[in-house]
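**Q** These are the residues of each chain, in order.
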Amino acid sequence: MRNLFRNRKFQITILVIVLIIISLISLNRFSSINLVKNIVSVPIIFIQKEVKDISDNVASFFASIRDYSDVIEENKQLKKEISILKEKSAKTSNIEEKNKRLRDALVLKEHFANFNFVSANVLSINPSNYKYEFTVDVGSIDNVKIDNPVIASNNALLGRVYQTDLTSAKIIPITDELSGVSGWISREGGGNVTIRGSISLKQYGLCIVENIPQDTKIVVGDVVETSGLGGIYPKGIIVGTIVEIFNSDSQVNRYAYLEPLVDMKILSEVYILTKKDTK
Amino acid sequence: MYKYNLFHYITIAILIAFQPFLSEWFMINNIKIDFLLIFIIITSFNKGKKDSFILILITGLIYGLLYSNFFSQYIIILLISLVSVWNISKIAKIESVVYITIYGVLILFITSFIKAFLELPINEVLKNITYISHIALYNGIYGGIIFMIVSLTLLIVSLFRVNKVQTRRGNF
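So the protein sequences, as listed, match chains A and B. So the first sequence is residues 0 to 278, counted in numbering that gives the first Met the number 0. So the second sequence is residues 0 to 171, counted in numbering that gives the first Met the number 0.
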């Protein structure tokens, strides 16, 4: 027996088994073993911020070289477009625009009256083919909690907080298969729908819309917002627009593809909605 | 047996730090290539088992802290790859272009599947098995091409060295 414990292969096998067990335990995001992560993740976040800055600079440098030839052509086209847009914008009165902006702001403030906005910078994106998680630079120290809703700078829904550490948090977008949002088709007589992420649609940046009521009219271009049901997302956050509608094989159920209003590829700053303390 | 040197450690550190950006920049057909895994597999050839084992544990741990859970699934992927490399090293050298390419495709294909099972809920994996197979297949093919290029380069370098030595001996 003593010889068995001295055996190098046996020792390595035991070590590997222990590691696999710890690894599998840590898969559970609520596992207390993940608390140990804070010891290393807190200082690493600062390093990661620097790495992100360097990588952004490198990326923009190479992008500028790569795109230089296209820039001249694009510039010509943009000038044309600008002149057309100028004509259009002149037709719209300034008062009308101002009025709309104020109304939007008022509605937004009313909707999120019970929430604090915590601004966060995106540090990294999980480089896996199957997962699309974001790491942001705010954590439980900033009162960020699991399942807090996350919106992008254009006030559209991005996703929710999936895991938190002291100084960082992981966010899963609405395109993730673990994500489910109760939505409302934003039109007269619109109905409640369920928006779900899918592994195969994730790469195209789309979600699937399910449980569309039979009597609800839905067309391509319809805007979908959160319904407030489900308890995670407050009512009235814009989710995206319908891009395709199709029937199930049995022609009984209707489904639709939804394109989120948030462009996940150019995210740099997000807002996490944390509930205000009501004493 | 060769040992890891500073070049390996620095490259691994760079790959860990820049993995999200590299995989995004070099994305082919919406498939992200795991350069870190490929580099570790290639450098593990003919290296000491203990050295490789420690390196993989540290790499997997840091990777997990940055992008995933504390003890990430990535350690399991790296360990599986390492065991495969140990077995391949017994029968083929890194310069054996055909062998290495075939094994590279197989390792990346299998690890891609395992990754799916570790990262996604089991019902989602079974529901999207066609899509996951598609990703695993392309991952294997793209990785295999990289393996082939590296292996071919090393073969040319070794042939060049042999020629040089023979020429020197001829001169003497």
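Because the hints were derived from the structure by calculation, they are not lab data. Where a beta carbon is used, it is the ideal one built from N, C-alpha and C, also for glycine. Some hints here could point you the wrong way.
Stated by the list, open to error - If we take Cβ atoms under 8 angstroms as the criterion, some of the chain A residues that face chain B in the derived model are:
no., residue
1, Val15
2, Leu18
3, Ser22
4, Gln47
5, Asp52
6, Asn56
7, Ala58
8, Ser59
9, Asn115
10, Asn120
11, Val121
12, Ile124
13, Asn128
14, Lys130
15, Ser199
As the list claims (entries may be wrong) - The calculated DSSO-like cross-link candidates involving lysine-lysine, where the alpha carbons are at most 27 angstroms apart (straight line), are:
no., chain 1, residue 1, chain 2, residue 2
16, A, Lys8, B, Lys89
17, B, Lys46, A, Lys8
18, A, Lys8, B, Lys92
**Q** Next, verify each hint and record whether it holds.
**A** These are the hints, each one checked on the structure:
At its closest, the beta carbon of A:Val15 sits 6 angstroms from a beta carbon of chain B; the interface hint therefore holds under the 8 angstroms criterion. Hint status for A:Leu18: holds, given a least beta-carbon distance of 6 angstroms to chain B, under 8 angstroms. A distance limit of 8 angstroms between C-beta atoms decides the matter here; for A:Ser22 the minimum to chain B is near 4 angstroms, and the interface restraint holds. Checking A:Gln47 against chain B: minimum C-beta separation of about 7 angstroms stays under 8 angstroms; hint holds.
Evaluation of the A:Asp52 hint against chain B yields a violated restraint, the C-beta minimum of about 12 angstroms exceeding 8 angstroms. For A:Asn56, the shortest C-beta to C-beta distance to chain B is roughly 11 angstroms, which exceeds 8 angstroms, and the interface hint is violated. At its closest, the beta carbon of A:Ala58 sits 6 angstroms from a beta carbon of chain B; the interface hint therefore holds under the 8 angstroms criterion. The beta carbon of A:Ser59 is not positioned within 8 angstroms of any beta carbon in chain B (closest approach about 11 angstroms), and the interface hint is therefore violated.
The interface hint given for A:Asn115 is violated, since its Cβ lies 28 angstroms from the closest Cβ of chain B, which is over the 8 angstroms cut-off. Because the beta carbon of A:Asn120 sits about 14 angstroms from the nearest beta carbon in chain B, more than 8 angstroms, this interface hint is broken. Given hint, A:Val121 at the interface with chain B, is violated; its Cβ is 10 angstroms from that chain's nearest Cβ, farther than 8 angstroms. Residue-level restraint check for A:Ile124 holds (minimum Cβ-Cβ distance to chain B is 5 angstroms; threshold 8 angstroms).
With its C-beta approaching chain B no nearer than about 5 angstroms, A:Asn128 sits inside the 8 angstroms limit, and its interface hint holds. The beta carbon of A:Lys130 is positioned within 8 angstroms of a beta carbon in chain B (closest approach about 5 angstroms), and the interface hint is therefore held. The interface hint given for A:Ser199 holds, since its Cβ lies 4 angstroms from the closest Cβ of chain B, which is under the 8 angstroms cut-off. Between A:Lys8 and B:Lys89 the alpha-carbon distance is near 17 angstroms, which keeps this suggested pair within the 27 angstroms criterion.
For the hint pairing B:Lys46 with A:Lys8, the CA-to-CA distance comes to about 17 angstroms; that is within 27 angstroms, so the pair holds. A distance of roughly 24 angstroms separates the Cα atoms of A:Lys8 and B:Lys92; the hinted pair therefore holds under the 27 angstroms criterion.
Hint violations for this structure: numbers 5, 6, 8, 9, 10 and 11, all remaining hints satisfied.
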